[in-house]
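Undergrad: Sequence:
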Amino acid sequence: MRAAAGTLLAALLLAMLPAAAQDKADAPTRGIGTALEGDLVSVKGQEFRLYGIDAPDKGQTCVNVKGREYDCFSLSKEVLRRLINDREIECTPHGKSPHTGPKFAICRAENGDDLAFAMVQRGYALAYRALSPAYISVEARAISYRRGLWAGRVEPPWLWRSRQTAEQLQQMRRPAPQP
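Read in order, the letters of the sequence shown correspond to residues 1 to 179 in the numbering used here.
Derived by calculation from the structure, the hints in this document are not laboratory data. Since we're looking at a predicted model, the values are computed, not measured. Careful, some of the hints might be misleading.
What the hints assert, rightly or not - With a Cα cut of at most 20 Å, we get these calculated SDA-like pairs of lysine to any residue:
#, residue 1, residue 2
1, 44, 28
2, 44, 30
3, 103, 37
4, 66, 152
5, 58, 79
6, 44, 29
7, 103, 66
8, 44, 58
9, 103, 130
10, 44, 94
11, 103, 131
Unchecked claim - Just the calculated beta-carbon pair ranges, DEER-fashion:
#, residue 1, residue 2, range
12, 113, 158, 35 to 41 Å
13, 30, 65, 36 to 42 Å
14, 113, 169, 36 to 42 Å
15, 88, 68, 24 to 30 Å
We put the beta carbon where it would ideally sit given N, CA and C, even for glycine.
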């Protein structure tokens, strides 16, 4: 009887392990944050994509109020870096990524501020409507006050990526020049 009870207990514990491991995987990660992109942070060696926003990608340029192109990827990344300012942040996984990239997360600064909200509010990231409606009204206010990237012209990053992919495919389809 004791052996059967021990076996049952061991089976129950083993059955609970995947759930416990999953809970641990979805637990908040807290530590000194580093901005890798305008919508991507690293905490304790883990990368987290800020949930509900999209920031300019590497190689993407915007146009300022004077009509000059500038590197809006680097500017967006720098704004997030300054928001974090080598302080502790906490990232709580939120939802599943549709690809194998970094986990989506809601990341908060030491003072509790939502970093994604702060980036959209300042105009250095866009509300990613395909993922969440959470920051649409914040973005509308940033646009109306011409904050950040909205002072000039910015192409939504998802459209920029799509255009880049289409251009690459077009390049691949072109016949090689004949000698």
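Undergrad: Would you say the C-beta atoms of residue 113 and residue 169 sit inside 36 to 42 Å of each other?
TA: 40 Å, holds
Undergrad: Quickly compare the C-alpha distance for residue 58 and residue 79 to 20 Å and report which way the hint goes.
TA: 15 Å, holds
Undergrad: Please work out if residue 103 and residue 131 have their alpha carbons no farther apart than 20 Å.
TA: 13 Å, holds
Undergrad: Given the hint that residue 44 pairs with residue 94, test it: the Cα-Cα distance must not exceed 20 Å.
TA: This hinted pair holds, its Cα atoms lying about 18 Å apart.
Undergrad: Would the pair residue 66 and residue 152 pass a check requiring their Cα atoms to be no farther apart than 20 Å?
TA: 8 Å, holds
Undergrad: Would the hint linking residue 103 and residue 37 be met if the CA-CA limit is 20 Å?
TA: 14 Å, holds
Undergrad: Does residue 66 sit within 20 Å of residue 103, going by the straight-line distance between their CA atoms?
TA: With Cα atoms ~37 Å apart, residue 103 and residue 66 exceed 20 Å; violated.
Undergrad: Residue 44 and residue 29 were given as a pair; does the straight-line alpha-carbon distance stay at or below 20 Å?
TA: 8 Å, holds
Undergrad: Can the restraint linking residue 44 and residue 58 be considered satisfied, given a maximum Cα separation of 20 Å?
TA: 23 Å, violated
Undergrad: Holds or violated: residue 103 and residue 130, Cα atoms, limit 20 Å.
TA: 16 Å, holds
Undergrad: Honestly, do residue 88 and residue 68 meet the 24 to 30 Å range at C-beta?
TA: 37 Å, violated
Undergrad: CB of residue 30 to CB of residue 65, is that within 36 to 42 Å?
TA: 39 Å Cβ-Cβ, so the 36 to 42 Å window holds.
Checked against the numbered hints listed earlier, the structure breaks hints 7, 8, 12 and 15; every other hint is satisfied.
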